[in-house]
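Participant: Sequence:
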Amino acid sequence: MFQNNNGAIAKRLSVKCLQASRNRNMVAIIAILLTTILFTTVFTVGHGAIYSGEQQMLRQVGTKFDAEYKFLTEAQFLKIKSHPSFQNIGERQYFALAENDELIKRLVEIDYGNEPEAEGKYSVPTTGRMPESIDEAAVDTVVLDLLGIPREIGAEIPLVFSVNGEQRQRKVTLCGYWDGETNDDLCYLWVSKDFINRELAGIPLPENGYSGAGNYFLDVDFSTHRNLQEQINKARIDSGYDPDAVLGDSLYVAADVNLVYASSKDNGIDIKMILAVLGLLVLILISGYLIIYNIFQISVAKDIRLYGQLKTLGTSPKQLRIIVRRQGLILSVIGIPIGLLIGYFLGRLLVPVIMNVSNYEGIIPPPNVFVFIGAAIFALLTVLISFRKPAKTAATISPIEAMRYSGVETTKRKQKKSKGGSKIFRMAASNLIRNPRKTFVVLLSISLSTVLINSVLTFTDSFQLQKFIDRDVISDFVVSDAHYGRGNPFGRVSGISKSVIHAIQQQYTFEDGGSVYYHQSDIETDKIDELVEHTLTHITSYNGMKTEEGKNDWWRQFYGMDEFPFSLLDVLEGDLDWEKFNTGKYVIEFSPYNDYHRVDIEDYKFNPGDKIVLESEGVKREYEVLARAACKRGMDSGVVLGYSSTTSSTFLAVSSSEFLNNFPSQPPLHYLFNVGERADFTKMNSFLQDYTERIESGLKYTSKQTVEDNFYELKRTYNIAGMVLAAIFAAIGLLNFINVIATGILSRQKEFAVMRSIGMTKRQLRKMLVIEGLWYAVIAAILSLIFSIVTSLLLVRPIANSIWFCTFTFTLNPVIIVVPFYLLLGVLVPLLAATKNNRVSVVEQLRQAE
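Here the sequence shown is numbered in the numbering used here, starting from 104 and rising by one per residue.
Keep in mind the hints are simulated off the structure, nothing from the lab. Hints are supplied without guarantee of correctness; some may be wrong.
The following label-pair restraints were derived from C-beta to C-beta distances [to be verified]:
hint, residue 1, residue 2, range
1, R866, F924, 35 to 41 Å
2, G231, S342, 33 to 39 Å
3, E177, P261, 25 to 31 Å
We treat Cβ as the ideally placed atom computed from N, Cα and C, and that holds for glycine.
Using the sequences and the hints, build the whole thing.
Facilitator: Here it is as structure tokens:
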């Protein structure tokens, strides 16, 4: 059989078909454009959220490095740093904390570091350079502003710090600075190696594993983030150290995995969460297919006679497929690139909005070529899949069938007899079921936007303000020392003055309040374990039996409470009787709730009625355990004695009067209080803001109103992001609905002309099309209702239940609100299309149909 190359003819036919259907092309390009925008936006937001979230978490923990070897001697430092597995090495030597009065609200660590270390700690100079000479220093702009130092290279910086209990003052010259973050818990002031050597001359450096001035830290990156703990241990072993050694052993080397990577490993994979997200993603991806498929299915039905004639002239099924598919590819070349650009910039706009839930601004990722490639592939794949069925229809239909093809699936139907004749209502309903597959595709496309809107609002309605508040705020206001919660490794907080408590109580908005006290040592030391020993309370006897020496279970942080904070505790076991507690003979064991408002009962050591003997600073006292209790955040000390292994997750508390009998010089750690009417929040907030700025800058406060504002900002963020995606869906659904009605009328012109020729009036035809549109609207509303219920229960509920401040709340209000818009569109779109169709005479319609 002779072969001929008629590819050029097929290309020309594809172009001619496109030129003959300009209106359809515009609708198809818009459909492809919207689909590509949807894909690109989703991929850009997904990539941006992952990138931004990881970068912000790294920013919050203060390091980009994979792992850190810490509290090293110089010999250990030199030995480990030569390991071949390290891809990037940051070197740091700890010196002291800045003690300038102006820096009371900012923890500033004076250290030596190399350039990679500064880069990895987000503390590399962007103006100037790192210190080189003995009296040079580099620091961030926030510290410069607090000290009142101009942002000029060469400016003189006064430093106050302590070495071995001796306070010293030095002046250094600014050689570099960078933009600081006001939210940072810890920041660095870099000095030279010579500076530290000079200041530590003649002073013994800390022993292996102990914290103090002169410690070395080694921050490293590996080739992969997988199995970081194993990689850390391998470097230990290869360097001659034992991963299982404990503090005090000669082979002991302390090391930690970056908390960002450690938490992702420890938390594991939430299968329900992944399935829910994938389900929502599939919901998004289906919409693009629906509209493109529907447009070209209708288009093929309209041009089917042309394809039948081409087949009569000898065009093969393969060539017909190519003709139809090439039209889609040509339209894709126009729609996809534009959609990629619009979707990318839309995604970039959404990333900061979505990530605004953090204290930091959303970090916009650099352009990722895989985002564009992935979105383009998915969009093109959607087009090709959408064209598959229409192309098959054009290729397989016979020339004779093509002459009478109308796009309606014909099946054997019983003849219906009716006494009243054909009713407009019945005719409209019959038109919907003539091609049930096409009808379902249209209805599904229309309902998707409503399902997404309902899913988003169901999710945000599940946000629980009280849960959000309960995690961080125990009362209307909490006043604390500025160092509270700052992650100070030495666990020191200065407490608050009696004067601020008196000033608060003098405000007429004040209702009730009380202090929480916390025992800490006044000794000056750079060794964390020495400080811990003097800070924690030792339980020397338990129910008459002496406790095991050196056992970590027998050390606790020790608190005192006034009646107001005592009343805020939740009893787990025992009896919270203030009268008993205030006698000074009783102690309570308590623990803060976690994010999910739970405590681990196994962390509690004592039972109500147990007798324990506590020893602090050489003084022993016996108490009876009154109760086990739990508290919200904001009552504990917030100090991080995390460099020591002698810490516990539960604490001990006595009444404030008993606490002050033991430690009369300890100031209150917090002052918790409530105000009267809700309107008083603003007045008290203004008072505290002014007081902490002008009178006692060493204080800070949190309020319930601030947390509420953060909550509503978070809720608004998710609503905006969800509504943008829902708007894209709505545009696709509306476009599909308009296209179906308009092209349906065009493809049924012969049918309408015949009905008008046998007596149907223009008004009756218009009425039939409007009722048909209303049928679409009603059924779409019902489907939206069903799909919204299924999506909410199977997809949204697992996501909501996985978030600590959410309690799944089922709602269908968005569907109910959208239904009137469906009905309005169901009337307007067919009415406009029918009005345009009725302008053409019956003869002209019959001629066009032929």
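Participant: What are the numbers of the hints the structure violates, in ascending order?
Facilitator: 1
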